[in-house]
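Asker: Based on the provided sequences and hints, a complete structural model is requested.
Number of protein chains: 2
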Amino acid sequence: MSENYQEMWASLGLNLEAHRGLLSVLSDAYQSIYLSQKNRPAGMGYFDFVVSEVHGLRIVELLKDKAAGKLIVGTFCVYVPEELILALDGVSIGLCAGADVGTEEAEKFIPRNTCALIKGFMGFKLAGLCPYVESADLIIGETTCDGKKKAYEIFDEITKKVYVMELPNKKSDEGRALWTNEIRRLAQKLIEVTGREITLDKLREAARVVNAKRRALQRLSDARASDPAPISGLDALLINQISFYDDPVRFTSKLNELCDELDERVAHGTGIAPKGAVRVLVSGSPMAIPNWKLHSIIESSGGIVVGEEACVGERNFRDLLDAFSTVDEALQKMADRSMGINCACFTPNDERLADIHNMSSKLHAQGVIHYALQFCTPYLVEAYRAKNSVEAAGLPYLRIETDYSLEDAGQLKTRVEAFIEMIRDVKRS
Amino acid sequence: MSENYQEMWASLGLNLEAHRGLLSVLSDAYQSIYLSQKNRPAGMGYFDFVVSEVHGLRIVELLKDKAAGKLIVGTFCVYVPEELILALDGVSIGLCAGADVGTEEAEKFIPRNTCALIKGFMGFKLAGLCPYVESADLIIGETTCDGKKKAYEIFDEITKKVYVMELPNKKSDEGRALWTNEIRRLAQKLIEVTGREITLDKLREAARVVNAKRRALQRLSDARASDPAPISGLDALLINQISFYDDPVRFTSKLNELCDELDERVAHGTGIAPKGAVRVLVSGSPMAIPNWKLHSIIESSGGIVVGEEACVGERNFRDLLDAFSTVDEALQKMADRSMGINCACFTPNDERLADIHNMSSKLHAQGVIHYALQFCTPYLVEAYRAKNSVEAAGLPYLRIETDYSLEDAGQLKTRVEAFIEMIRDVKRS
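The listed protein sequences derive, respectively, from chains H and Y. Throughout the first sequence, residue numbering follows our numbering, covering 1 to 429 in sequence. Throughout the second sequence, residue numbering follows our numbering, covering 1001 to 1429 in sequence.
These are computed hints drawn from the structure, not numbers from a lab. Mixed in with the good hints, there may be bad ones.
Here are the computed distance ranges between Cβ atoms for each label pair [claimed, not checked]: (1) Glu407/H <-> Gly1195/Y: 56 to 62 Å; (2) Arg415/H <-> Lys1362/Y: 54 to 60 Å; (3) Met8/H <-> Ala1177/Y: 45 to 51 Å; (4) Lys189/H <-> Asp1048/Y: 53 to 59 Å; (5) Gly1340/Y <-> Arg424/H: 21 to 27 Å; (6) Lys362/H <-> Ala1177/Y: 49 to 55 Å.
Note that the structure is a prediction, hence the values are computed from the model and not measured. All C-beta atoms in this analysis are idealised placements derived from N, C-alpha and C, irrespective of residue type, glycine included.
Answerer: Below, the structure written as structure tokens:
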């Protein structure tokens, strides 16, 4: 795609040479990880196309939206309510954070011992490689972890676009009240920035669009409960990653088409992996696109990932936004909905342990792999309680701590293979 | 001291052999770092004695207090209001966290990439080496960083004593309201646990005691503004560390005696270091006893530490608790007071940058050393803005990231010596 978009990328201030290199690396990785999969659903064609145009056609669309007066809002977290952005004629997009890019530049601003995701978003910006951050009018951060909370201060110095929402540390009544107020404050901010009004009709339409997207993602999740699984974990992860970037209405329609195909596959017993393949639930830190490392290792080791108890995954779509009859009630319901997302940033966070159990049971997982980015303290510490809880339920548990580099890929593959073999042995005995 | 207390330590469940080893190492370290200093104020004799009895006589006192029905409350953070504990006939004590102890045990529960202070409090408990945690009836944690917030969940599983206060992430009106409510909730908790009432008289007496302690620490800080400095940074740091352990009334009286002596020294121009020694402000993470590493390196390199912009330091005593006329007003004032402490857990935290400038100016610091424990994300990220702010004011800045081990001591000494030499050159030119 690259030749058609040079002018656009130049106008966004990207580093054209480095960007060409990035696209080439990503294209190769996609070829070897995704396109090499056998027997994929035909409906994945759309998502392959989206990936191939993720820095191209999608940016053309965003710039058209921007020219038409729409606000382009970059986000990093599922606590930021997409409905509110849509209701003000905004476009909500995730920002680049899933690859080791601009690391040396990023480390001039933030410590070496920062998680790959935070280094990623700093690095993508500093290296001039993220057309999303350049297109965005506003970037909404949140206080979910020390690293993001403090890095946003610097990211704002660099971009002049950052607005931070305060997420509380506890799911107490007071914490919920504080968060509800933050949603109201965001509504005011968006009204100010856009000069538009929030109306009940607009909110209802936005809720319809986002709930429909969530329902389609729920269908995808449900389909993965079958044995054989009709779709790979890699493909399902990709769709979840794309859900943060694509136009929500088109995405939903294409995903529902794919889910129709998956339903047929399930009816015919067609799987992406053989019936009886070892079924793994992945739980932990978010996997931003193109972070496909762990899924790729698991599925090339004979396992199949049947679910992601993660923000790029189940936490993003499990709960719908409830109906409302006033604008303020809508804001309250948004706050209520997001406080049901069990991020490790909360203390205590026992509900996440229950989520892992419920997903394992619903999706017939035979083992849980706890995934945390290196230096992602909330998930790394919570791993201890997750382990005890998963093992007490009689399920095998493996703890993976890694970053985006491929240096440890061989070692991880050995550990994952041993884990899958161990589950196979348990099944046989 | 060790022979007299064997029975007490055994009754607290300490690991006697390991504890004997720890005391021996600490005694040697104290000898070489503290008692080798020349020309110390005579008043340091009391604090030397306190250190020598920190696991002995002070624990005897605590156990007597406990037997007399007083609540022993362990804390880790200056946001926990000592006045409230005292007003309910409680005793407030800091818990052991300043040395590499029980690290292997701690790493079974929390990640390797956790700061030394958190590993320290977990390790001290797990290795059976902290008589304070064993004496405590209640341990009050707070949500100041991801590591502590999440580790307290596990620490509570181990000790069954942990109560967590929610500190907000922002100094907004809503954040302040949440924190005020947390102070009220703590008051209720202490009333429940002790079965006592909070009265205005008790609160006033507690405020008088703690404010007097803060005033004495302010006197100590003021004395350090003189050139030559009448007391070493090492000794001043030690006194600040002891302020979290000692009986507050006795501590205040002894510190005021020392300050009288310091006033005389200042009047006579008597210094611990020569007039004109390079004056350094240290700013950053807390230094729990016996973490004397950085001060020791600075002062053995010809510098003198004139202040600590840190929680074990200025943040602990700069502001007094204002007068109040009702119990609830007292709780509100406690909340207001502590929200003036500019911990890097807040975003934004520009007030800390102002504190660094004000302290540098008041104490005639000629350079700022930013100190952060490895993996202490809030301070490590904030270091970037601190650097820009300090350098913009024309002051030299050095960023130190370290842990409790002495492995990097040589390398740190080389960097600190170069920093001090550079300041000397600037002064000469």
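Asker: Take the hints in turn and mark each one as holding or not.
Answerer: We went through each hint and held it up to the structure:
Taking the beta carbon of each, Glu407/H and Gly1195/Y are about 58 Å apart, inside 56 to 62 Å as hinted. Range check, Arg415/H to Lys1362/Y: about 55 Å between beta-carbon atoms, so the 54 to 60 Å window is met. Between Met8/H and Ala1177/Y the beta carbons are some 47 Å apart, a value that agrees with the proposed interval 45 to 51 Å. In this structure, Lys189/H and Asp1048/Y meet the distance hint of 53 to 59 Å, their C-beta atoms being roughly 57 Å apart.
For Gly1340/Y paired with Arg424/H, a C-beta distance near 60 Å fails the hint of 21 to 27 Å. The supplied range of 49 to 55 Å is broken by Lys362/H and Ala1177/Y, whose beta-carbon atoms lie about 40 Å from each other.
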